[in-house]
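Enquirer: Protein sequences appear in the order of chains A and B.
Numbering of the first sequence is given in this note's numbering, commencing with residue 1 and proceeding in unit increments.
Numbering of the second sequence is given in this note's numbering, commencing with residue 1 and proceeding in unit increments.
A couple of the hints might just be wrong.
Partial pick of chain A residues on the chain B-facing surface, computed with a CB cut under 10 Å [what the hints assert, rightly or not]:
no. : residue
1   : GLU188
2   : THR190
3   : ASP194
4   : VAL195
5   : ASN222
6   : ASP310
Partial pick of chain A residues on the chain B-facing surface, computed with a CB cut under 8 Å [claimed, not checked]:
no. : residue
7   : LEU111
8   : LEU223
9   : GLU228
10  : VAL247
11  : VAL266
12  : GLN268
Calculated cross-link-like contacts (lysine-lysine; reagent style DSS-like; alpha-carbon spacing at most 27 Å) [what the hints assert, rightly or not]:
no. : chain 1 : residue 1 : chain 2 : residue 2
13  : A       : LYS10     : A       : LYS324
14  : A       : LYS207    : B       : LYS267
15  : B       : LYS267    : A       : LYS260
Think of the hints as simulated: they come from the structure by calculation, not from any bench.
From the three backbone atoms N, C-alpha and C, an ideal C-beta is built for every residue, glycine too.
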Amino acid sequence: MAGLPVIEIKGLTTTFRIGGREVAAVRDLDLTIAAGETLALVGESGSGKSVTSLSIVGLLPKGIGRIASGRLMLRRKSGETVELQALDNETLRCIRGNDIGMVFQEPLTSLNPVYTIGEQIAEPIRIHLGKSRREAIADAVRLLVDVGIPDPQRRVRQYPHELSGGMRQRATIAMALACNPALLIADEPTTALDVTIQAQILDLLAKLQAERGMAMLFVTHNLGVVAEIADRVAVMYAGSIVEAGNVPSVFSHPRHPYTKGLMRSVPQLGEATALKEAGAPLQTIAGSVPSLIDLPPGCAFAPRCPYAIDACTTAFPDLVDTGKGHASRCIRWQEI
Amino acid sequence: MPEEPLLSVTHLTKHFAPVAFGRGPVVRAVEDVSFEVPRGKVVGLVGESGSGKTTIGRMAAQLIEPTSGSVRFDGVETTRLSARQLRQLHARVQYIFQDPFASLSPRMTIGEILTEGLEIQRVGTRAERAEKAVKALAAVDLPADAFSRYAHEFSGGQRQRIGIARALVLEPELIVADEPVSALDVSIQAQIINLLRDLQLRLGLTMLFIAHDLAVVEYVADTVIVLYLGRIMEIAPSRALYSSPRHPYTRALLSAVPSPDPARRGKRQILTGDIPSPADPPSGCVFRTRCPFALDACAGPVPALREVAPGHAKACIRDDLD
Chain A
1 MAGLPVIEIK GLTTTFRIGG REVAAVRDLD LTIAAGETLA LVGESGSGKS
51 VTSLSIVGLL PKGIGRIASG RLMLRRKSGE TVELQALDNE TLRCIRGNDI
101 GMVFQEPLTS LNPVYTIGEQ IAEPIRIHLG KSRREAIADA VRLLVDVGIP
151 DPQRRVRQYP HELSGGMRQR ATIAMALACN PALLIADEPT TALDVTIQAQ
201 ILDLLAKLQA ERGMAMLFVT HNLGVVAEIA DRVAVMYAGS IVEAGNVPSV
251 FSHPRHPYTK GLMRSVPQLG EATALKEAGA PLQTIAGSVP SLIDLPPGCA
301 FAPRCPYAID ACTTAFPDLV DTGKGHASRC IRWQEI
Chain B
1 MPEEPLLSVT HLTKHFAPVA FGRGPVVRAV EDVSFEVPRG KVVGLVGESG
51 SGKTTIGRMA AQLIEPTSGS VRFDGVETTR LSARQLRQLH ARVQYIFQDP
101 FASLSPRMTI GEILTEGLEI QRVGTRAERA EKAVKALAAV DLPADAFSRY
151 AHEFSGGQRQ RIGIARALVL EPELIVADEP VSALDVSIQA QIINLLRDLQ
201 LRLGLTMLFI AHDLAVVEYV ADTVIVLYLG RIMEIAPSRA LYSSPRHPYT
251 RALLSAVPSP DPARRGKRQI LTGDIPSPAD PPSGCVFRTR CPFALDACAG
301 PVPALREVAP GHAKACIRDD LD
């Protein structure tokens, strides 16, 4: 069962400078992830899910993106709690790759082509844990075993281009886990992979997380992946969490029209034939995601929402508790 | 006598010459692939990276030449056509590309993009071509004023509609749609799939639909072909393929798709190992290195595609798995 909170975010607003204006890419976001727990952040392009993860690790593009308000509290491996938004770069560097591990979408761009796999996994071990090169390489070999890379003694001396896409992603996972982080952030880690390889990586992440009791923030656009890996899910739309709750509860009873629409618009394997034979179109969400520069007043989803009423366009709705830790940012959630 | 299929490919093979100054291995992208696309039907090609699905699509649209084998379109062999004959053929076969950002020129107006093909084919007067383009825009639910705008003014979903309009404007008989929705956001994908399906039914189009998303193919295709490392593993009517897959690879592939039903979590069959390189495919059955049911005999001759039910064939020597 989940332990103490590892990361607790309160009222995070992250803004970007676009054309001389300050635009909120994430607004007033709260989330908590406990040790041993996986939270999936799901949304489409521009929903703010990746900006949230970049805000946590302090990797927002310099001079363009900044945390405008909010508190991001991280309980470090030492047990000490720090506020990430208040730290200087020096301290953040000691936390990234150490207390927080990161895995990104494209393993080829997160690996350096001119260093061996072993050197890259060993680097955080030497820097953060102060081990010698020899010890760190020995650790790297053990980590390659943990992430299921066969023949680790040989692989540790190879360069990224000598590995397949799936193996590269395993190597970046080994790198992220090198210092035994308290929080693992996985940002679309399987999106660039084939479906049979995706299944392997999801399985691996779930296993490693259970073994190590890390908190995991899993960012994805794929609802199937959420159902597969997460304990809890937060659905983002236009910079805000519109619905959050336990995975079984959100998937069986979505309480926000956007979540509901999103689930319906994905054809289900094995069910699509019946739809086709009945001549039924796929359910869609009308229109497209609004631009952050020009968000509609009130609820940002209202212009696309089949449930929208006048009240939806007058005030930005609160995220309300609908019971059992399930929350919805919809004033008509009871009717959904 | 049954009607001749619009497209029929037999023993289609494509080997890509080695890069790196002629050294290095030949990439065997497609090996001995045969199938037919009947008029008015949709055939889906599914497979993972390196399965050869895009290469087959490009050969079907005569965008690249096969190493060997035949592509017959409307009864005519297309692999030995003159440039002039090929140009005439291209008016009848159109391609929809995956990436709506890369496939539209940023320097041309939508009107120029839509009328370029008509101009090359010397169809009608300038005014008539413009009229056809506006009609194509209407068919994909875009406003007529899109005509004088540029691609960057449109969202991803709208750009893909423009890509579809470009394919439709020549009134083709065959459309090759190569991953037409995989670059789009989830909420937009369904809109585009509905549009393609609606156009296909309304215009009686024949379509070769390439995708890695198995559920999308299930919704769109009448017949589905499952590819692995350049070879056909299984071919079946859509309903049969999804309800009773017969090849171990198809089963594993369907099982690997994460289900949005949390109750089904962890009930997946996970294949071990990686997809081998098409530059060095395994002998015999190309899937045997990852197949949980492989026997010694699987390394022998390449398994033939055998019919197991009407219209349903698999390339697997094991019949004891059904």
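Enquirer: Hint compliance check: list the failing hint numbers for this structure, sorted ascending.
Expert: 1, 6 and 7
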